[in-house]
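Student: Residue strings, one per chain:
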Amino acid sequence: MLTCADFLAEFGDYLEDAVSSNLRAELEAHLHECKTCQVIVDSTRKTIRIVTDSGCFALPADKVDLIVRDVMSRIRKKR
Amino acid sequence: MSENLVAANESFQHDPDSTGAHGFPPDILRAQSALPSAIDAERRLVGAILLCESRLTRLRKLAILRCVSEIGGNEHCRDLHGQLPDESLDDYALLGFVAKLARHAPWVSASDVAALRSAGVDDELILEAVATAALGQMFCTLANGFFPSDVSRAVSSLPDPGDLLETAGPYLGSRARPAEKSQSYAFLKEEYGFIPNLYIVQGLRPDLVEAETYAVERIMRRETVLSRIQKEYILLAVSAGNLNTYCVSMGAQIISILGGASLEECDQICEDPHQSQIPSGDKVLLHETRKLAALSQQLGRCFAAEQLQASGFTESQIIEAVVVSSLANFLNTLQAGLGAVPDFPVRRVLSTKDLYPASGNSRPISDAAVPEDPDAEVVRRVQAGDVEAFEELVRRHSRRVFGTLAGLIGNMDDVPDVTQDVFLKAFEHIGSFQARSKFSTWLTSIAVNTGRQLLRDRKPLEPLEEDEDEGFRPRQIQSWAKNPEQLLAASQRDELVRIAVLRLPEKYRVVVLLRDIQQLSTEEAAAALDLSIPALKARLLRGRLMLRESLAEHFVRSRNQES
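Protein sequences appear in the order of chains A and B.
Take any residue in the first sequence, note its place counting from 1, add 15, and you have its number in our numbering.
Take any residue in the second sequence, note its place counting from 1, add 122, and you have its number in our numbering.
Bound-form chain A, shown alone (with noise of 0.2 angstroms):
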């Protein structure tokens, strides 16, 4: 049986559904018994999906344009 550590090792390839069949049995077998993974897993999972679909860094899509004219200004500019 697999241990906290063994599966946090492993955990990264879980996440990414890049483990092999086997090992993956391995884990989950881990995590019906183990809540605290559970909690790590469920939670980390949520954190991407945040993180992922929070627009916290993203471009305001009328700022585009902007950019462009500004940036092919410049270029013309130099030539």
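Be careful, since some hints might not be right.
Claimed, not checked - A short list of chain A residues far from chain B (calculated; beta carbon distances all over 10 angstroms): (1) Asp28; (2) Glu43; (3) Leu46.
What the hints assert, rightly or not - Have a look at the derived ranges for each label pair, beta carbon to beta carbon: (4) A:Lys93 / B:Gln429: 38 to 46 angstroms; (5) A:Thr51 / B:Ser567: 20 to 28 angstroms; (6) B:Asp389 / A:Asp77: 27 to 35 angstroms; (7) B:Asp508 / A:Pro75: 26 to 34 angstroms; (8) A:Lys93 / B:Gln556: 49 to 57 angstroms; (9) B:Gly403 / A:Met16: 45 to 53 angstroms; (10) A:Met16 / B:Glu494: 39 to 47 angstroms; (11) A:Thr51 / B:Gly381: 56 to 64 angstroms; (12) B:Ala232 / A:Asp57: 31 to 39 angstroms; (13) A:Met16 / B:Gly381: 46 to 54 angstroms; (14) B:Lys604 / A:Thr51: 29 to 37 angstroms; (15) A:Asp57 / B:Arg517: 21 to 29 angstroms; (16) A:Asp57 / B:Thr179: 50 to 58 angstroms; (17) B:Arg558 / A:Gly70: 40 to 48 angstroms.
Rather than coming from a laboratory, the hints here were simulated on the basis of the structure.
In this text, a Cβ means the ideal position worked out from N, Cα and C, and glycines have one as well.
Given chain A, work out where chain B should sit, using these hints.
Tutor: Just chain B now, kept in the frame of chain A:
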């Protein structure tokens, strides 16, 4: 290469033993028909490990072989070992140990073996399991070399570079020297002048030692199409790639005694063959064969026989290079599983830092896995002098550049100007862009470097606590709400995420930005940051776990929700 070889060798006579071991004639033996001594060596190993009557049943051995090929992402070997009855996979303790040995060999330690013993697995079974896993790695390496298209490229993460390797061994209790009149004793005394620890720790199974020394003699000692020194270089380089200090110290001594590279030069070969003084063709040979090593395979790199052909190596020499690499992996796995201690003073204990050497050659310098660059045509037009075509590139990539810079430098007032600077730099240097990566990857690396440059002059926000040596361990273990997004308004969530991301140490922040916010693939992000894929993945997981800690207090399930 494999199809030609197989077609050219239809007359190869299948060995009844190997047919019995696998259920049908293995192509990996057929592909080596130009090297009968290699086939002879492998047959002997198969006989001693798989076919002989032993404590470990045939079914358990096949389960181990299947486990090793699953972990190696080797579809050819997985098919070769076939579907196994479900009950053969119930051997959790033994298969768990084998899985670690196949996946993270340098991290196997005495405590893993002690855990096996406490699960009722005795030393003889452990020895047989390690030898079977080593044979499985040998098969996988041969298949990776002869049938590279069957490698699924399933990259796996490695432990963080900060983790220490436990090396104290040997792990098994029994130690014995081969009988003085045995062939193995005669060979080892002649070859080394003493009996190496790797063989002494296998005292429980003298027949295994006989088969292993026979294989080493047939593969390494015979002057065939590669020279002895070239073969020793391969063994050294592959062992270094596998972080196997034992085999590296042994290999370096042998090479210096044979009149090859000095011990200092061997250190350089281990670190980076391209910087060593060996002939340029041999540098390519070591670069390619090292990719066949188990750990290197996890870096997502694929053996390229055509590179060796371009350097003047014949097909027979390439076959032999694959065979020697497979022997190196066999010996490395055996040593890692048994914990044999080095016979020579160790010049340098290889550690995880050696997985991420300074050389650019060891890193993914391109994301050629995606051959089509949607920007290629526009880039060519700009390079040909069509300045206005650059506008299309700015339009396509302004969001990514802006987002990357915003997450890196934080101050939103500065981001539009710095975004413009990045595009201007890209325009100025587009003539030197050689399409070794996608244009968007190249542009992202300019954005990251520009952002980092700006950060050097700034006082950063207080970063989260970072403990490199002991590793990051999750501390928050309270359940989160079922739909945490609903607990806060979108603008509040975005602000929390913004602060949490900006508080990450920069090396984790930039990885999270590229992977989770800009949605780059692992390969693209690694190429843009000039990182190996395992390093990228390790930092991504660390960054995600740190963000989770940071956001937890806002999203944990309240008592009302609990009830």
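Student: If a hint holds in the structure, say so; if it does not, say that too.
Tutor: So, going through the hints one by one against the coordinates:
{"no.": "1", "hint": "Asp28", "verdict": "5 angstroms, violated"}
{"no.": "2", "hint": "Glu43", "verdict": "13 angstroms, holds"}
{"no.": "3", "hint": "Leu46", "verdict": "14 angstroms, holds"}
{"no.": "4", "hint": "A:Lys93 / B:Gln429: 38 to 46 angstroms", "verdict": "41 angstroms, holds"}
{"no.": "5", "hint": "A:Thr51 / B:Ser567: 20 to 28 angstroms", "verdict": "38 angstroms, violated"}
{"no.": "6", "hint": "B:Asp389 / A:Asp77: 27 to 35 angstroms", "verdict": "58 angstroms, violated"}
{"no.": "7", "hint": "B:Asp508 / A:Pro75: 26 to 34 angstroms", "verdict": "29 angstroms, holds"}
{"no.": "8", "hint": "A:Lys93 / B:Gln556: 49 to 57 angstroms", "verdict": "23 angstroms, violated"}
{"no.": "9", "hint": "B:Gly403 / A:Met16: 45 to 53 angstroms", "verdict": "50 angstroms, holds"}
{"no.": "10", "hint": "A:Met16 / B:Glu494: 39 to 47 angstroms", "verdict": "45 angstroms, holds"}
{"no.": "11", "hint": "A:Thr51 / B:Gly381: 56 to 64 angstroms", "verdict": "58 angstroms, holds"}
{"no.": "12", "hint": "B:Ala232 / A:Asp57: 31 to 39 angstroms", "verdict": "35 angstroms, holds"}
{"no.": "13", "hint": "A:Met16 / B:Gly381: 46 to 54 angstroms", "verdict": "52 angstroms, holds"}
{"no.": "14", "hint": "B:Lys604 / A:Thr51: 29 to 37 angstroms", "verdict": "19 angstroms, violated"}
{"no.": "15", "hint": "A:Asp57 / B:Arg517: 21 to 29 angstroms", "verdict": "40 angstroms, violated"}
{"no.": "16", "hint": "A:Asp57 / B:Thr179: 50 to 58 angstroms", "verdict": "40 angstroms, violated"}
{"no.": "17", "hint": "B:Arg558 / A:Gly70: 40 to 48 angstroms", "verdict": "33 angstroms, violated"}
Taken one by one, the earlier hints fail for this structure at numbers 1, 5, 6, 8, 14, 15, 16, 17, listed in ascending order.
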